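Order-wise, the sequence lines are chains A and B.
In this text, residue positions in the first sequence follow the numbering used here: the first is 1, and each later residue adds one.
In this text, residue positions in the second sequence follow the numbering used here: the first is 1, and each later residue adds one.
Note that these hints are calculated values from the structure, not bench results.
Computed from a predicted structure; not experimentally measured.
Glycine included, each C-beta is placed from N, C-alpha and C at the ideal position.
Chain B regions said to be covered by chain A (calculated; three or more residues, Cβ under 8 Å):
hint, region
1, 46 to 60
2, 102 to 114
Simulated restraints, written as ranges between beta carbons of each label pair:
hint, chain 1, residue 1, chain 2, residue 2, range
3, A, Pro107, B, Gln72, 24 to 34 Å
4, B, Ala70, A, Gly40, 22 to 32 Å
5, B, Lys57, A, Arg83, 37 to 47 Å
6, A, Pro95, B, Lys5, 27 to 37 Å
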Amino acid sequence: DAGITQSPRYKITETGRQVTLMCHQTWSHSYMFWYRQDLGHGLRLIYYSAAADITDKGEVPDGYVVSRSKTENFPLTLESATRSQTSVYFCASSPTAGAYNEQFFGPGTRLTVL
Amino acid sequence: QQQVKQSPQSLIVQKGGISIINCAYENTAFDYFPWYQQFPGKGPALLIAIRPDVSEKKEGRFTISFNKSAKQFSLHIMDSQPGDSATYFCAASIDSGGYQKVTFGTGTKLQVIP
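Okay, chain B solo, but in the shape it has when bound (with noise of 0.2 Å):
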């Protein structure tokens, strides 16, 4: 039972692109939607998280858009550089008897090419 869909499962783009990934929920009582950056032979990194009352959050090149009422959510790494290569998760959690459960998405694997 995939919670959390990801699309795409993974993305080539130019250098100085947009690299666009989206995410869709299901469950309407989630209330924090992290992203997570992984490098090969790293464990994922939160890179940037939105909550359900702002519908977009930039820092820096990275941007999450978030549609409540369509229950999706995307992230856009603007003038995309090599050093964004990566695996991105999005991920939804919610308050699970005292902590935080998180629930994440399949992974896009992301490559920036020169």
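Isolated chain A (complex conformation) (with noise of 0.2 Å):
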């Protein structure tokens, strides 16, 4: 299918525990970025990526690792979860870094960490 997609949908994992969350676009844009999704804050930016083998850190990395060795992928893995990670995951992308560029958002990744 086209498009932007987010893979588990759900996910329920213990404190300590590695897990990660995948991200698949099939448009070749150049731009993926992860937000969480928290009640009162908003999205809030955790990494994002111009292209393959670039990334870099947003505004709460924290905790966070993030890859991406090709240009369709963008896997976010959360390396010891802790509680305060439960959230609903985005992952989006855009098609170049010119100005205005609407970014396209994922389904979202409901993670709970217990």
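Need the complex rebuilt from these two chains, each delivered in its own frame; the hints are there to steer you.
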């Protein structure tokens, strides 16, 4: 299917476990982003990537790791999950770095850390 | 540090009424102001956007009003419909080292009742 997909859609894990959230886009967009959405905070940027093998920190990167070996994939890993990382995670992509570019969001992954 | 403040947090409007959501920003370097609409269980999607050199932009029943001197902008939904029930996020973006860094407001949950 064309577009941007995330998996899994729902995940329950325990404190201290490693968990990876997957993101895949079929548009060959250069830019990809990971956000977390929490009540009272809106959407906050965790990491972004300008191209394969180029990543950089966003507003709330602590406790997260990303990689981008292929243009279409941008996995987000929680190395040792904490309860404060319970959230809904959204992946997004954007075609270029130019101004006024729309970000296209995936359907989200709801993560619960017990 | 909330650079984009959004109000109200929730809003209930009668069908056919006008829904108004307000946002204020601090950084005068922001150069693009998009609004995103999010339905339950879905990712946000771009609804309408405005540049700071324009005071108003209208697309169908949706209008952005922009007041550069007051550093405020608002979304007006005319003839609100039950299908407009969603969460709305204002945002502001700025060129940040090669990509458009987007700062989101905290969101407004709109319910349009028949």
